[in-house]
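Q: These protein sequence lines are chains S and Z, in that order.
Residue numbers are given in numbering that gives the first Met the number 0: position 196 of the first sequence equals residue 195, and the series is strictly consecutive.
Residue numbers are given in numbering that gives the first Met the number 0: position 51 of the second sequence equals residue 50, and the series is strictly consecutive.
I should point out that these hints are in silico values taken from the structure, not numbers from a laboratory.
A couple of the hints might just be wrong.
For chains that are exact copies, the list does not tell them apart, and a pair is met inside one copy or across any two.
Unchecked claim - Below 30 Å or equal to it, Euclidean Cα-Cα: the simulated DSS-like pairs (lysine-lysine) are:
hint, residue 1, residue 2
1, K54, K84
2, K41, K84
3, K305, K317
4, K29, K54
5, K362, K41
6, K232, K30
Protein chains: 2
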Amino acid sequence: MNFEFQNPTRILFGAGVLARLGEAAGEYGKKALLVTGGGSVKRGGVFDRAVESLKAAGVSYVECTGIEPNPRISSVVRGADIARKEGCDMVIALGGGSVMDASKVIAAAALYDGDPWDMIMHGQEHVHVPTQALPVITVPTLAATGSEANCGAVITNEKTTVKSFVMAPALYPKVAVVDPELTVSVPVDQTAYGVCDLITHVTEAYFNGSGTTPLQDRFAEGVILTALEWGPKAVADGNDLEARTQIQWAALVALVGWVNVGTNGAYPVHMMEHTVSAYHDITHAAGLSIINPAWMRFAAKAEPAKFVQFAERVFGLKARSADDLDCALQGIDLFETFLRSIGCPTRFSELGIGDELFETYAKDTVAIMNDGNGRLPARPPMSIDDMVSVFKAAL
Amino acid sequence: MNFEFQNPTRILFGAGVLARLGEAAGEYGKKALLVTGGGSVKRGGVFDRAVESLKAAGVSYVECTGIEPNPRISSVVRGADIARKEGCDMVIALGGGSVMDASKVIAAAALYDGDPWDMIMHGQEHVHVPTQALPVITVPTLAATGSEANCGAVITNEKTTVKSFVMAPALYPKVAVVDPELTVSVPVDQTAYGVCDLITHVTEAYFNGSGTTPLQDRFAEGVILTALEWGPKAVADGNDLEARTQIQWAALVALVGWVNVGTNGAYPVHMMEHTVSAYHDITHAAGLSIINPAWMRFAAKAEPAKFVQFAERVFGLKARSADDLDCALQGIDLFETFLRSIGCPTRFSELGIGDELFETYAKDTVAIMNDGNGRLPARPPMSIDDMVSVFKAAL
Numbered sequence: 000m001n002f003e004f005q006n007p008t009r010i011l012f013g014a015g016v017l018a019r020l021g022e023a024a025g026e027y028g029k030k031a032l033l034v035t036g037g038g039s040v041k042r043g044g045v046f047d048r049a050v051e052s053l054k055a056a057g058v059s060y061v062e063c064t065g066i067e068p069n070p071r072i073s074s075v076v077r078g079a080d081i082a083r084k085e086g087c088d089m090v091i092a093l094g095g096g097s098v099m100d101a102s103k104v105i106a107a108a109a110l111y112d113g114d115p116w117d118m119i120m121h122g123q124e125h126v127h128v129p130t131q132a133l134p135v136i137t138v139p140t141l142a143a144t145g146s147e148a149n150c151g152a153v154i155t156n157e158k159t160t161v162k163s164f165v166m167a168p169a170l171y172p173k174v175a176v177v178d179p180e181l182t183v184s185v186p187v188d189q190t191a192y193g194v195c196d197l198i199t200h201v202t203e204a205y206f207n208g209s210g211t212t213p214l215q216d217r218f219a220e221g222v223i224l225t226a227l228e229w230g231p232k233a234v235a236d237g238n239d240l241e242a243r244t245q246i247q248w249a250a251l252v253a254l255v256g257w258v259n260v261g262t263n264g265a266y267p268v269h270m271m272e273h274t275v276s277a278y279h280d281i282t283h284a285a286g287l288s289i290i291n292p293a294w295m296r297f298a299a300k301a302e303p304a305k306f307v308q309f310a311e312r313v314f315g316l317k318a319r320s321a322d323d324l325d326c327a328l329q330g331i332d333l334f335e336t337f338l339r340s341i342g343c344p345t346r347f348s349e350l351g352i353g354d355e356l357f358e359t360y361a362k363d364t365v366a367i368m369n370d371g372n373g374r375l376p377a378r379p380p381m382s383i384d385d386m387v388s389v390f391k392a393a394l
Numbered sequence: 000m001n002f003e004f005q006n007p008t009r010i011l012f013g014a015g016v017l018a019r020l021g022e023a024a025g026e027y028g029k030k031a032l033l034v035t036g037g038g039s040v041k042r043g044g045v046f047d048r049a050v051e052s053l054k055a056a057g058v059s060y061v062e063c064t065g066i067e068p069n070p071r072i073s074s075v076v077r078g079a080d081i082a083r084k085e086g087c088d089m090v091i092a093l094g095g096g097s098v099m100d101a102s103k104v105i106a107a108a109a110l111y112d113g114d115p116w117d118m119i120m121h122g123q124e125h126v127h128v129p130t131q132a133l134p135v136i137t138v139p140t141l142a143a144t145g146s147e148a149n150c151g152a153v154i155t156n157e158k159t160t161v162k163s164f165v166m167a168p169a170l171y172p173k174v175a176v177v178d179p180e181l182t183v184s185v186p187v188d189q190t191a192y193g194v195c196d197l198i199t200h201v202t203e204a205y206f207n208g209s210g211t212t213p214l215q216d217r218f219a220e221g222v223i224l225t226a227l228e229w230g231p232k233a234v235a236d237g238n239d240l241e242a243r244t245q246i247q248w249a250a251l252v253a254l255v256g257w258v259n260v261g262t263n264g265a266y267p268v269h270m271m272e273h274t275v276s277a278y279h280d281i282t283h284a285a286g287l288s289i290i291n292p293a294w295m296r297f298a299a300k301a302e303p304a305k306f307v308q309f310a311e312r313v314f315g316l317k318a319r320s321a322d323d324l325d326c327a328l329q330g331i332d333l334f335e336t337f338l339r340s341i342g343c344p345t346r347f348s349e350l351g352i353g354d355e356l357f358e359t360y361a362k363d364t365v366a367i368m369n370d371g372n373g374r375l376p377a378r379p380p381m382s383i384d385d386m387v388s389v390f391k392a393a394l
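Isolated chain S (complex conformation) (with noise of 0.2 Å):
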């Protein structure tokens, strides 16, 4: 365990909360970029609850609206255009991950005179670091990705279909205003997947770290049994605001860096979901849910010490010994059947996908990462073909 962190997003979380957006944005200036997406926020009133707190503080908007899952590098230069004409001192997301994604990118390109793509990883490196940004302020409409309060994200570039990520400290939000009552309203699906991702977020480090950090294993064994518990009741009743407050914070935690400092842990399922997702604009975690169980098969073959703790902590089985392979795989069924029984998809037909592109998108992988010997990082590596194997077991 050797790493440095800092995390310096201030958290505003509760509900109610959103009646405060104004007196935090008036700390960073007088004119914001307000970035939303479909709609949705304009049709529950959170839109107009948003505009109000602000217009008490004396912060004007101008909009960015449209923002689309996935979002694609085009939004992003749309956005920064709209930000350097109108002076905006600020970018304020009002939405769900692909709104704070894209707004972070959008704050570091309006101060960036170079192709914003630059940004994003691809072609195994960043032509440009991000090392200022304007203030972002994130409102999650959703809970989900953890983008309110960590300094990644991620990006479409629709015309390569490359779909990748920045991560820079330049890109932490100034504060996260995390009010649960806004997700009251997301629908069963999106709650669902909401649930599947941020458990995703840990599991990853959990399973591809260097397997030194006991302490974190516990935060990440802690998120999962929370998102078991709370998940379930969320999708059964979007109105259980204590559900929804659990959730949200859960997400938050899932990646704002306590559960995964220290992992070096690798993201394979992330990785190989986003070619996935470049390719049929699917919603992330609905891909997440039908890749993680198949990775989860494969890497516990090669090593399943780890996967054997997590049936026993998280499922509560026993091992015959530590690397009980049995007990490991029936750890993952369970998981599996958790995701199924709050409505995830855990098989590509189900979205209509076919194996078509699986080669494909293995090799799209590795053009993003690899490990210099053409394989994705992760425990173990992967080459091209168990990237197709475990596609081709997700089918």
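Mind docking chain Z on chain S? Use the hints.
A: Okay, now just chain Z, sitting in the frame of chain S:
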């Protein structure tokens, strides 16, 4: 759950990171007040290595030595005077919890014209909450208090025999340089006390919180389970760097805010212990080790459920019901047995402390903090008689 959270401290963690002290300090100026305790850092060579790193970065220093265990306000005044006279740009704490706590208050006192004691909670108020401080860099040489990465400090007024605290965002260290190698030379008893200290930091919010923070419960249990696993290894073999590393990280995490955030927890065991160690100058965690099990039995009888959860999740017991007091008390017995197994005292008599001042401690405790009805905030709130009965049970 309705709360605000921000911890801006930059954490450099890992064996060998002491060599980066100069690099970290160089960002905050050219001259440091270097605060140390009784001299062990000089005997062990840590001081020389720290100074070497500072010199290489062009940072000079003046010393403030001799910060005592249970640091005194007179030492704070002395340190602040040196910092002002010498025009120090920053304060570097090289030592354990006492040195770090004193350094934070020195850093604030150097920029405050009034009496530094104004900043410490007493007589049920803060005369002055610090809003500014010189930059602080912490270099813990002991895994215990977590003071390296939070905004709290505990100071004793030796004239009035009051030991109390300050918590203020201005006191967050800028950087925590956390090098587990520095703790390899910590003696067995102090190692054990550190383990007890970090556990008690999470049990307080766990047992005295709002009860609506299931993820924080999981995190608290994770910290305790990690301490139960690795603490005995660090006690058994001080040179076990892996065990030292895990305990150092657990100690930081226990009080960095990630575990108790949003719990709205009270800290009755700490409050009671402070008044005891104000009179007897015992190691803080030795006092905690004595008072905590006795307090737990008192609180479990009033409301067993959380103690049942503790018994089941931490010690693997099986309760007959959610309010099974027998199970709750068995869990507390096992916890006390653990403390004894690593060499911590669990009775006042082991430290030569009798019952003469029990009522004085209790009255002093509510003089520092009470709920407006003469009771110490806790779950349940504690009258003077309640506190005396807990002290007696620990005699």
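Q: At most 30 Å between CA atoms: does that hold for K232 and K30 within a copy, between copies, both, or neither?
A: Neither way: K232 and K30 sit 39 Å apart in one copy and 56 Å across, limit 30 Å.
Q: My question is about K362 and K41: at a cut-off of 30 Å on alpha-carbon distance, are they close within one copy, between copies, both, or neither?
A: neither (40 Å within a copy, 57 Å between copies)
Q: For the identical chains here, do K305 and K317 meet the 30 Å Cα criterion within one copy, between copies, both, or neither?
A: Answer is both; intra-copy 14 Å and inter-copy 25 Å each pass.
Q: Indicate which option fits the pair K41, K84 if close means a Cα-Cα distance not exceeding 30 Å: within, between, both or neither.
A: For K41 and K84, only the intra-copy Cα distance (24 Å) is at most 30 Å; the inter-copy one is 59 Å.
Q: Taking 30 Å as the upper bound on the Cα-Cα distance, should K54 and K84 be classified as within, between, both, or neither?
A: For K54 and K84, only the intra-copy Cα distance (21 Å) is at most 30 Å; the inter-copy one is 48 Å.
Q: If the cut is 30 Å between Cα atoms, do K29 and K54 qualify within a copy, between copies, both or neither?
A: within (10 Å within a copy, 44 Å between copies)
In this structure, the hints that do not hold are numbers 5 and 6, in rising order.
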